[in-house]
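Student: Residue strings, one per chain:
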Amino acid sequence: MREIYEGIIKSIELLLSLDGEIYRIILLSLYVSLTSTLISALIAIPVGIVMGIKKFPFKQGMIRVLYTFMGLPPVIVGLVVYLFIRRSGPLGNLELIFTSAAMIIAQTLLVTPIITGLVYNGTKEGGEKIKNLAKTLGANKTQTMILLIKELRISIFAAMVSGYGRAVSEVGAVMIVGGNIRHHTRVMTTTIAMNHSMGQTDMAIAIGIVLLILSFIVNSLLYRFQQGE
Amino acid sequence: MDIQIKNLTKTYNNRKILAIDGFHIPSKSFLGIIGPNGAGKSTLVKIIAGLDTPSTGCILYNHEGLNQRINRNMTMVFQKPYLLRTTVYNNIAYPLKLRNINKEEIHTRVQKIIGEMGIAGLQHQKAWTLSGGEGQKVALARALIFNPSLLILDEATANIDPSSIYAMEDAIKCYYENNHATIIMVTHNIKQAKRLCNTVAFMNGGVIEESGTSDEVIYNPTKEATKTFIKEAFL
Amino acid sequence: MFSRKKAKSLLFIMLSTLLILSLAIGCTNPNDEKNEFNENPDNKEIAVENKDLILSTTTSTENSGLLDYILPVFQEETGIEVKVVAVGTGQALKMGEDGEADVLLVHAKASEEEFVANGHGVERYDVMYNDFILIGPKEDPLKVKEAAGKNITEAMKLIFENNGTFVSRGDDSGTHKKELSLWRELGIEPEGDNYISAGQGMGAVIQMTDEMKGYTLTDRATYLSMMEEIEAVIVVEGDERLFNQYGIIAVDPSKNDKINNEAANLLIEWILSEKGQKLIGEFGKDKYGQSLFIPNAK
Chain P
1 MREIYEGIIK SIELLLSLDG EIYRIILLSL YVSLTSTLIS ALIAIPVGIV MGIKKFPFKQ
61 GMIRVLYTFM GLPPVIVGLV VYLFIRRSGP LGNLELIFTS AAMIIAQTLL VTPIITGLVY
121 NGTKEGGEKI KNLAKTLGAN KTQTMILLIK ELRISIFAAM VSGYGRAVSE VGAVMIVGGN
181 IRHHTRVMTT TIAMNHSMGQ TDMAIAIGIV LLILSFIVNS LLYRFQQGE
Chain D
1 MDIQIKNLTK TYNNRKILAI DGFHIPSKSF LGIIGPNGAG KSTLVKIIAG LDTPSTGCIL
61 YNHEGLNQRI NRNMTMVFQK PYLLRTTVYN NIAYPLKLRN INKEEIHTRV QKIIGEMGIA
121 GLQHQKAWTL SGGEGQKVAL ARALIFNPSL LILDEATANI DPSSIYAMED AIKCYYENNH
181 ATIIMVTHNI KQAKRLCNTV AFMNGGVIEE SGTSDEVIYN PTKEATKTFI KEAFL
Chain G
1 MFSRKKAKSL LFIMLSTLLI LSLAIGCTNP NDEKNEFNEN PDNKEIAVEN KDLILSTTTS
61 TENSGLLDYI LPVFQEETGI EVKVVAVGTG QALKMGEDGE ADVLLVHAKA SEEEFVANGH
121 GVERYDVMYN DFILIGPKED PLKVKEAAGK NITEAMKLIF ENNGTFVSRG DDSGTHKKEL
181 SLWRELGIEP EGDNYISAGQ GMGAVIQMTD EMKGYTLTDR ATYLSMMEEI EAVIVVEGDE
241 RLFNQYGIIA VDPSKNDKIN NEAANLLIEW ILSEKGQKLI GEFGKDKYGQ SLFIPNAK
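Chains as they are written, first to last, in this note's numbering: chain P, 1 to 229; chain D, 1 to 235; chain G, 1 to 298.
Hints are all accurate, no fakes.
Simulated crosslink set (DSS-like; lysine-lysine; CA at most 25 Å straight-line):
id: 1; chain 1: D; residue 1: Lys97; chain 2: P; residue 2: Lys141
id: 2; chain 1: P; residue 1: Lys135; chain 2: D; residue 2: Lys103
id: 3; chain 1: D; residue 1: Lys103; chain 2: P; residue 2: Lys150
id: 4; chain 1: D; residue 1: Lys46; chain 2: P; residue 2: Lys129
id: 5; chain 1: P; residue 1: Lys129; chain 2: D; residue 2: Lys97
id: 6; chain 1: G; residue 1: Lys157; chain 2: G; residue 2: Lys177
id: 7; chain 1: D; residue 1: Lys80; chain 2: P; residue 2: Lys55
id: 8; chain 1: D; residue 1: Lys191; chain 2: D; residue 2: Lys46
id: 9; chain 1: P; residue 1: Lys54; chain 2: D; residue 2: Lys16
id: 10; chain 1: D; residue 1: Lys80; chain 2: P; residue 2: Lys124
Cβ pair distances, simulated, as ranges:
id: 11; chain 1: G; residue 1: Pro72; chain 2: P; residue 2: Tyr23; range: 15 to 25 Å
id: 12; chain 1: G; residue 1: Gly192; chain 2: P; residue 2: Leu83; range: 36 to 46 Å
id: 13; chain 1: D; residue 1: Trp128; chain 2: P; residue 2: Glu6; range: 47 to 57 Å
id: 14; chain 1: D; residue 1: Asn100; chain 2: G; residue 2: Glu49; range: 51 to 61 Å
id: 15; chain 1: P; residue 1: Ile43; chain 2: D; residue 2: Lys80; range: 28 to 38 Å
Partner residues aside, some chain D positions facing chain P, computed with beta carbon under 7 Å:
id: 16; residue: Ala49
id: 17; residue: Leu51
id: 18; residue: Arg72
id: 19; residue: Thr75
id: 20; residue: Met76
id: 21; residue: Tyr82
id: 22; residue: Arg85
id: 23; residue: Pro95
id: 24; residue: Leu98
Rather than coming from a laboratory, the hints here were simulated on the basis of the structure. Beta carbons are placed, not taken as given, at the ideal position from N, Cα and C, and that holds for glycine.
Given the sequences, and given the hints that come with them, work out the whole structure.
Tutor: Right, dumping it as structure tokens:
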């Protein structure tokens with residue numbers, strides 16, 4: 001318990017000290033996770049909506065695969081991405097290993113199935129009605145898609161927040177492909193893991209608290225957004 | 001709009017739920033479709049509205065197959081309409097926005113129709129705060145605002161309060177008389193069919209058993225099934 | 001109260017600010033730093049094209065803070081940015097073998113020599129050493145300190161035979177390898193309920209040891225950095241077998257064309273130079289009153 005108490009004190013101290021390093025770690029975390037969430041969303045929202053309103057062969061099988069991928073362990077994703085982008089891997093020429101781009105790739109792969117699955121679930125509920133309405137009012141395909149996104153915005157937004165939460169809190173993938181390099185690829189979760197292995201519990205707790213506060217802010221905004229409806 | 005139905009069948013889970021050899025809905029007719037539950041009424045109008053595809057056969061709209069131009073010229077109001085998650089005004093304006101009509105004209109047309117339907121006071125309300133009758137009126141206003149030449153109503157006045165039913169019937173009648181549109185109305189309410197429609201078709205077991213003017217079908221039915229249905233409905 | 005519109009625009013503003021801010025920090029900073037050094041006229045002109053160097057090392061080396069102390073000086077002088085990837089010793093050597101790192105700084109002499117003999121590395125140089133210590137509960141219930149003195153194997157034998165708790169790293173790290181070699185020397189196969197194979201980093205293992213009132217083998221640096229927070233004390237130190245030699249090896253550049261051999265050689269040259277060695281010797285003196293690493297390049 002002493003550690004948790006000291007961690008809280010230390011986290012306040014850290015944040016007030018305006019220490020460049022901790023802010024850089026926090027911002028890199030946000031940058032990597034937000035970017036991968038946004039890239040994932042661009043892929044996952046249309047795919048999830050189409051899966052929710054269209055009938056096509058092997059749909060049930062695809063959905064089962066999608067649900068499985070929603071629970072992919074980050075270390076597995078990290079390992080696979082690592083094998084592809086390492087210097088001797090097939091994509092070694094792109095020189096992505098141990099960069100923030102590598103972390104974004106890994107998290108995008110991790111988060112895309114999650115957002116797709118959640119958007120699919122949301123669309124399955126009300127998508128058919130919205131599609132029919134759009135059609136009876138004379139919307140073309142693009143206009144129908146825009147209307148679906150607009151009308152399903154709450155579940156889409158919730159899906160993105162879940163995806164972001166997964167990205168910002170995972171450590172396995174970014175540790176492997178990013179390498180936890182100071183000033184380059186050190187993010188909040190890898191810092192926590194490293195500090196724990198160094199036995200510096202208070203620092204780990206301090207960053208853990210920052211992570212929680214950020215989650216709280218994001219979720220509070222989501223809550224306001226939903227309450228407004 | 002002139003509607004020609006040819007050899008239409010619909011099979012669902014190996015069960016034939018619709019089989020209409022041929023049926024003609026001439027332009028400017030106001031057709032009521034009546035019949036017991038499970039008769040295939042909703043499936044038929046959904047196929048006409050392009051929301052479902054027939055297993056065989058086809059429908060011609062003004063002697064053409066379904067295309068975007070035809071699609072933009074017809075609409076359907078459901079028993080439980082979906083209202084967009086925005087204001088009443090935006091709901092009614094939406095079909096016009098889809099057609100790239102400028103803001104001033106949208107405003108004029110929305111104000112006109114909500115005035116006619118007596119829902120002007122609701123225009124700034126969010127759609128999800130409306131009662132059933134109010135929501136249904138908004139859905140009807142949204143359907144009529146772009147002057148479709150084919151209007152399909154699928155039990156659009158079921159389960160709402162009587163005063164809303166009459167307001168909607170007036171609006172539909174008024175629209176029919178002023179725009180010479182074709183209207184297809186699925187209803188379980190025979191009195192309503194008598195009040196509004198000039199032709200009536202009776203459906204049972206996926207086929208159109210008989211059709212004719214309202215008076216013919218309602219007062220002098222020839223088929224046993226029709227007689228039984230109408231007798232029960234008037235009880 | 002918040003209105004929905006307000007909440008929405010606030011959310012939008014916050015997210016976009018964060019994104020822009022983090023884009024700025026996440027992307028531009030490393031380059032800015034490099035440019036700063038490149039433009040600095042006081043800098044010695046270094047004829048190395050590729051200024052990115054990947055150094056693969058062990059977690060304990062990085063956790064000691066030594067690299068954060070000496071590498072900025074190297075970067076200032078050469079403009080070469082050393083990216084430190086800290087993994088287990090086994091993984092560090094594997095990264096060299098696969099050509100994923102440019103230079104290795106590890107402490108498992110036998111494995112390192114084998115690495116060079118197999119043609120994966122160019123040459124191995126001694127850099128420095130630190131030492132391992134055996135720590136245990138203050139009360140020392142097994143009287144290990146009294147009985148074993150400086151003799152590490154004697155101490156371990158005592159713990160094992162008296163069913164004392166021994167926490168092992170169990171993660172194939174250099175420290176773990178060292179511990180295993182000592183058991184081998186004793187002819188003991190460590191197992192049983194009192195032998196805890198943790199599979200974790202040094203700091204975590206020290207904490208576990210402290211909680212369980214057991215014994216563990218640790219490097220001095222990690223112990224010193226945690227000394228104030230734990231109750232465990234040094235039980236055995238100073239045995240020659242506990243010295244931990246660090247070596248530096250440039251990875252064979254013929255493995256793939258991305259290996260930055262030029263910069264690797266510069267780093268090796270610098271770390272073995274008088275200046276590099278002096279810096280290593282100074283590290284830790286101000287904080288603990290003693291050097292954590294003893295430079296011994298030949």
